[in-house]
Amino acid sequence: MTDFPQAPRLSEWYDPDPALLKLGDAFYDAVEAASFPQTILRFRNDRAAQEVGLEGLTDAQWLRHFGRFEPLPGNLPQPLAMRYHGHQFRTYNPDLGDGRGFTFAQLRNSHMKDLMELGTKGSGQTPWSRFGDGRLTLKGGVREVLATEMLEALGVRTSRSLSLIETGEALHRNDEPSPTRSAVLVRMSLGHIRIGTFQRLAYHGDAENMRRLIDYCLDEMFLVEKDADPVAQFFELVVARTAALATQYMVAGFVHGVLNTDNINVMGESFDYGPWRFAPTFDPGFTAAYFDHAGLYAFGRQPDAILWNVAQLAVALRIVSEAPPLIERLEAFEPDYRLFYQLAQERRLGITTPDGTIDTELGWRLKDAIEAALIATGHSIDRFYFDAYGGSLPDGYGPQWDGVRAALAGYRPTATGRTHPYFARGAPCSMLIDEVESIWAAIDQRDDWDPFHAKIAQVREMGEALAPGAADR
Numbered sequence: 013m014t015d016f017p018q019a020p021r022l023s024e025w026y027d028p029d030p031a032l033l034k035l036g037d038a039f040y041d042a043v044e045a046a047s048f049p050q051t052i053l054r055f056r057n058d059r060a061a062q063e064v065g066l067e068g069l070t071d072a073q074w075l076r077h078f079g080r081f082e083p084l085p086g087n088l089p090q091p092l093a094m095r096y097h098g099h100q101f102r103t104y105n106p107d108l109g110d111g112r113g114f115t116f117a118q119l120r121n122s123h124m125k126d127l128m129e130l131g132t133k134g135s136g137q138t139p140w141s142r143f144g145d146g147r148l149t150l151k152g153g154v155r156e157v158l159a160t161e162m163l164e165a166l167g168v169r170t171s172r173s174l175s176l177i178e179t180g181e182a183l184h185r186n187d188e189p190s191p192t193r194s195a196v197l198v199r200m201s202l203g204h205i206r207i208g209t210f211q212r213l214a215y216h217g218d219a220e221n222m223r224r225l226i227d228y229c230l231d232e233m234f235l236v237e238k239d240a241d242p243v244a245q246f247f248e249l250v251v252a253r254t255a256a257l258a259t260q261y262m263v264a265g266f267v268h269g270v271l272n273t274d275n276i277n278v279m280g281e282s283f284d285y286g287p288w289r290f291a292p293t294f295d296p297g298f299t300a301a302y303f304d305h306a307g308l309y310a311f312g313r314q315p316d317a318i319l320w321n322v323a324q325l326a327v328a329l330r331i332v333s334e335a336p337p338l339i340e341r342l343e344a345f346e347p348d349y350r351l352f353y354q355l356a357q358e359r360r361l362g363i364t365t366p367d368g369t370i371d372t373e374l375g376w377r378l379k380d381a382i383e384a385a386l387i388a389t390g391h392s393i394d395r396f397y398f399d400a401y402g403g404s405l406p407d408g409y410g411p412q413w414d415g416v417r418a419a420l421a422g423y424r425p426t427a428t429g430r431t432h433p434y435f436a437r438g439a440p441c442s443m444l445i446d447e448v449e450s451i452w453a454a455i456d457q458r459d460d461w462d463p464f465h466a467k468i469a470q471v472r473e474m475g476e477a478l479a480p481g482a483a484d485r
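Mapped onto this note's numbering, the consecutive letters of the sequence shown carry residue numbers 13 to 485.
For the record, the hints were derived by calculation from the structure and aren't laboratory data. It should be emphasised that the depicted structure is a prediction, and the values quoted were computed from it without experimental measurement. Just to be clear, a hint being listed does not mean it is correct.
[As the list claims (entries may be wrong)] DSSO-like mimics (lysine-lysine), calculated; alpha carbons at most 30 Å apart, straight line:
| id | residue 1 | residue 2 |
| --- | --- | --- |
| 1 | K238 | K379 |
| 2 | K125 | K238 |
| 3 | K34 | K238 |
[Claimed, not checked] Simulated DEER-style distance windows between Cβ atoms:
| id | residue 1 | residue 2 | range |
| --- | --- | --- | --- |
| 4 | F101 | D239 | 32 to 38 Å |
| 5 | P106 | P296 | 29 to 35 Å |
| 6 | K238 | T389 | 14 to 20 Å |
| 7 | R80 | A466 | 28 to 34 Å |
| 8 | I52 | G429 | 39 to 45 Å |
| 9 | D218 | G410 | 55 to 61 Å |
| 10 | T428 | S47 | 45 to 51 Å |
| 11 | P106 | R59 | 37 to 43 Å |
| 12 | G368 | K238 | 29 to 35 Å |
| 13 | E82 | P139 | 47 to 53 Å |
| 14 | D71 | A466 | 19 to 25 Å |
| 15 | E220 | E82 | 33 to 39 Å |
| 16 | D446 | T389 | 19 to 25 Å |
| 17 | D367 | G180 | 55 to 61 Å |
In this text, a Cβ means the ideal position worked out from N, Cα and C, and glycines have one as well.
Please put together the full structure from these sequences, using the hints given.
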């Protein structure tokens, strides 16, 4: 008797919407997933899966869809590798595209009806693989899960790691001990339309598809009604969202490492994590990538790097727009940055103004005071935000912190203050490189996943403790 696999158990929230098919095949290539010798489930994010109706999948069904990539019901019939160009460390590269990943499915989430994409990393070769093998190391997958969990907890708009499956291959890499284990990762993202997607169309002078892509972004991704100038409207949204992302990186103490135009999502969502790190102290020159010799994407240069990338989007949009409306909206990046910095800072500190309004002057004064004190003392970023949560500093913080105390006096704690059990633990949750390497060593040397799962639990507890700070206004 033949044993047929059960149909996937999808909840009422499963809402497939393969919107990319409306764009047409000028934007992507249909591809096949690699066939892996093994599929071992190492991580499944049921918290994220629940938002799109996938939490009811059994582990066997999970492996079928996210390890062997059987299409989800009513969704994309075949994986799509996106086409794009990009500036890589300020050098234009027209030979790019999804080289080891693809878009596997598109779904509307359960609360805001945002279009969520399930994209892969390490799922095999595509027409854009060039000399790559299309694979992902298990260490790279572990690092991406840890990065996305930490950033989400800290209030950064980020893609989320939905699934990590070990695939049983031995990979060789120049920048890590080899052979090393392989994996395939599935991320859940607000989309994979990059600045580089628009640059490719501009490079080819394809104004018709440029307009089609802008309409797609406004209609399907931003979910707004188009106004009289949809190009300027779209660009204004991108400017605001990327400015917000830049502030969130700085308050989180996060260094992405490779902020090329092909790694900037027009939704202002952080994604595609390679050599990332969290800065232990406030060092503007701190870099994550060993190959970033000039410090182009150093911690303190990230806002300028993101602004430069958004300016390249403006250049690309010139084939469908006059310059003045684009310049006007690009100039909004700085005031947007100042506004969103205050929101990110207040969230991480668990504070708000007395009347709950936004005071950018006060917020900027607090920012400058915090940065000056952190630089002068070499104090831990994570320790400071942990100790200062609720708006006051312990007695151990000396005179160099007087400017911070003075600025904090203009705020009040959010409703919950330090009542969450997280603050009784005496030390902040962090994700510094030594911790990441220790977690990987346990997996690599003993196949011990307990430290990995324990760290995720700690990070999620921190996220629960910090979340009220975002909801108090």
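Status of the hints after comparison with the structure:
As the CA atoms of K238 and K379 are separated by approximately 36 Å, the hinted pair breaks the 30 Å bound. Taking the CA atoms of K125 and K238, the gap is about 18 Å. The hint holds against a cut of 30 Å. As the CA atoms of K34 and K238 are separated by approximately 17 Å, the hinted pair is consistent with the 30 Å bound. For F101 paired with D239, a C-beta distance near 36 Å keeps the hint of 32 to 38 Å intact.
Checked against the hint of 29 to 35 Å, the pair P106 and P296 passes, with Cβ atoms roughly 33 Å apart. For the pair K238 and T389, the supplied restraint of 14 to 20 Å is violated, since their beta-carbon distance comes to about 50 Å. Distance hint for R80 and A466: a CB-CB separation of about 30 Å, consistent with the stated range 28 to 34 Å. At about 43 Å, the beta-carbon gap between I52 and G429 stays in the expected band of 39 to 45 Å.
Between D218 and G410, the C-beta spacing of about 60 Å keeps the proposed range 55 to 61 Å intact. Roughly 50 Å separates the CB atoms of T428 and S47, a value that falls within the hinted 45 to 51 Å. For the pair P106 and R59, the beta carbons lie near 39 Å from each other, so the given range of 37 to 43 Å is met. Between G368 and K238 the beta carbons are some 33 Å apart, a value that agrees with the proposed interval 29 to 35 Å.
Between E82 and P139 the Cβ separation comes to about 22 Å, which falls outside the hinted range of 47 to 53 Å. Checked against the given bound of 19 to 25 Å, the beta carbons of D71 and A466, roughly 21 Å apart, stay inside it. Under the hint 33 to 39 Å, the C-beta atoms of E220 and E82, about 35 Å apart, fit the expected range. Taking the beta carbon of each, D446 and T389 are about 21 Å apart, inside 19 to 25 Å as hinted.
The supplied range of 55 to 61 Å is met by D367 and G180, whose beta-carbon atoms lie about 59 Å from each other.
In this structure, the earlier hints numbered 1, 6 and 13 are contradicted, and the remaining ones agree with it.
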